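Engineer: Using the sequences provided together with the hints, build the complete structure.
Protein sequence lines, in the order shown, are assigned to chains U and R. Counting from 1, one number per residue, gives the positions in the first sequence under my numbering. Counting from 233, one number per residue, gives the positions in the second sequence under my numbering.
Derived from the structure by calculation, the hints contain no laboratory data. Just so we're clear, the structure is a prediction, and the values are computed from it rather than from any experiment. Any given hint could turn out to be false.
Computed beta-carbon distance windows for the label pairs [to be verified]:
(1) U/Asp147 with R/Arg324: 44 to 54 Å
(2) R/Asp385 with U/Ile208: 25 to 35 Å
(3) U/Ala112 with R/Asn285: 44 to 54 Å
(4) U/Glu78 with R/Ser462: 16 to 26 Å
(5) U/Pro166 with R/Glu310: 25 to 35 Å
(6) R/Gly258 with U/Asp154: 37 to 47 Å
(7) R/Ser234 with U/Ala224: 14 to 24 Å
(8) R/Arg413 with U/Pro180: 19 to 29 Å
(9) U/Gly151 with R/Ser462: 27 to 37 Å
(10) R/Arg413 with U/Arg181: 45 to 55 Å
(11) R/Asp379 with U/Lys211: 32 to 42 Å
(12) R/Glu310 with U/Ala224: 26 to 36 Å
(13) R/Asn399 with U/Gln86: 49 to 59 Å
(14) R/Gly311 with U/Ser2: 34 to 44 Å
For glycine and all other residues, C-beta sits at the position ideal for the given N, C-alpha and C.
2 protein chains.
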Amino acid sequence: MSRAIAVIGGTGPAGTGLALRWARAGETIIIGSRDAARAGQTAEAIRRRAGTNAQISGMENSAACAATDLLMLTVPFEGQAALLKQLKPTIRPGSVLIDATVPLAASVGGRASRTIGVWQGSAAQQTAELVPKGVSVVAAFHNVSADILNGDDDVDCDVIVCSDDPNATQVAMELAVKIPRVRAIDGGKLENARIVEQLTALLIGLNIRHKGHGGIRITGLPEAAYKIGSDR
Amino acid sequence: MSRAIAVIGGTGPAGTGLALRWARAGETIIIGSRDAARAGQTAEAIRRRAGTNAQISGMENSAACAATDLLMLTVPFEGQAALLKQLKPTIRPGSVLIDATVPLAASVGGRASRTIGVWQGSAAQQTAELVPKGVSVVAAFHNVSADILNGDDDVDCDVIVCSDDPNATQVAMELAVKIPRVRAIDGGKLENARIVEQLTALLIGLNIRHKGHGGIRITGLPEAAYKIGSDR
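Structural biologist: Right, here's the structure in full:
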């Protein structure tokens, strides 16, 4: 990417994991957090793991939004809507916002292996309703284990990317294949995010039941359906 | 299995595909259909492909139910509830009923890449409400491509099995691994079927978009989580 990636809510496990992998791939990363100091500490911790040449800094979430036009949203569902309302004035027109939010029932005190219903159909569609006009929302990265992302192993998972904007889909697919062994698949319209989000709850249930770090692979599609990284 | 498998709605593509694979594995199969003559024709067609030693016959659906205590339900969602109400008196107490129904929006004139909401949470939970007391419902085989099942290639797909009865889960898992290369995974309670069912709509969308026969593999679980066939 020629532009920096702001990971909003970037101090949580999913955010730090994605930031680590993208920093290792040479991307410029801005960790966003409610607390600028905490964002800076997380950025430093990631730099120590990604190497001294890693281009990574930390900012308060709105400053991170204002600093680039490529946003990766990794916040728990219970914080998603309020945060987006707060950030709305700072999100640049024309931005691509990648949303990995999963409406887990844990958000309202329930189980992480269950979901709650979102009026718009999915967390990503809720996001699409809350961002300024002209911002493209992409749903992706729900099913990649945060624990695996934060480690050093290759990631045995496909990333299904859903968006109503084909250009935004391409951006997210390019970012996905910067993670070693990840394949990206165009999952069609943003509305399909509802199934990809649910799948995370199923994987969490499997992880609890079988003590693993579940991911998914889609089989049976022609080769052209899978985008793979340049290292493959 | 020591007992025959009645494939209810067994003249459709999913039913014939499963019957073909199980007949090849030496199982005794009863094809069930509204029309006994049609069931018989389908059974003969499967026998021609599975080999003359295949143990397969055809019966009207209620006769098929009455003939065994292992039922595989492969009907379109729009026919599911009415058929179960009709079959209820003929389903034997203690039966295991495996449900592969997916509540596709196509059932009500919509798209096969979308689903409709089922009050009980999933088609399988609707089934559980409609069968006689003491019948164990298992949800499984939703994500296996009917086209692939009806062919000769190995099946590159995991079967996630959900049930509130661990014994019924075992029965379905054993049947799953009789299909070459299929792995079976215990997906926990029957309520989790709602996600496994949705996944089929996602796969159908991917098949349309990418012209394939999509399936899924779950990665990242410990070896013990995967049941595999004896030929592996």
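Engineer: Now tell me if each hint is right for this structure.
Structural biologist: For each hint, the structure was consulted:
Under the hint 44 to 54 Å, the C-beta atoms of U/Asp147 and R/Arg324, about 46 Å apart, fit the expected range. Take R/Asp385 and U/Ile208: their Cβ atoms lie about 34 Å apart, and the range 25 to 35 Å holds. Between U/Ala112 and R/Asn285 the beta carbon distance is about 49 Å. The supplied range of 44 to 54 Å therefore holds. Our hint of 16 to 26 Å for U/Glu78 and R/Ser462 is violated, since their Cβ atoms are close to 47 Å apart.
The hinted range of 25 to 35 Å is satisfied by U/Pro166 and R/Glu310, whose Cβ atoms lie roughly 34 Å apart. Checked against the hint of 37 to 47 Å, the pair R/Gly258 and U/Asp154 passes, with Cβ atoms roughly 39 Å apart. Here the CB-CB span from R/Ser234 to U/Ala224 is close to 46 Å, at odds with the stated 14 to 24 Å. Checking the proposed 19 to 29 Å range against R/Arg413 and U/Pro180 shows it holds: the Cβ atoms sit about 26 Å from each other.
For the pair U/Gly151 and R/Ser462, the beta carbons lie near 34 Å from each other, so the given range of 27 to 37 Å is met. Range check, R/Arg413 to U/Arg181: about 21 Å between beta-carbon atoms, so the 45 to 55 Å window is missed. Remark: the range hint 32 to 42 Å for R/Asp379 to U/Lys211 is upheld by a beta-carbon distance near 35 Å. At roughly 34 Å, the beta carbons of R/Glu310 and U/Ala224 sit within the given window of 26 to 36 Å.
Hint check: R/Asn399 to U/Gln86, Cβ distance near 52 Å, so the stated range 49 to 59 Å holds. Range check, R/Gly311 to U/Ser2: Cβ separation about 54 Å, and the 34 to 44 Å hint is violated.
The structure does not agree with the numbered hints 4, 7, 10, 14 stated previously, though it agrees with the rest.
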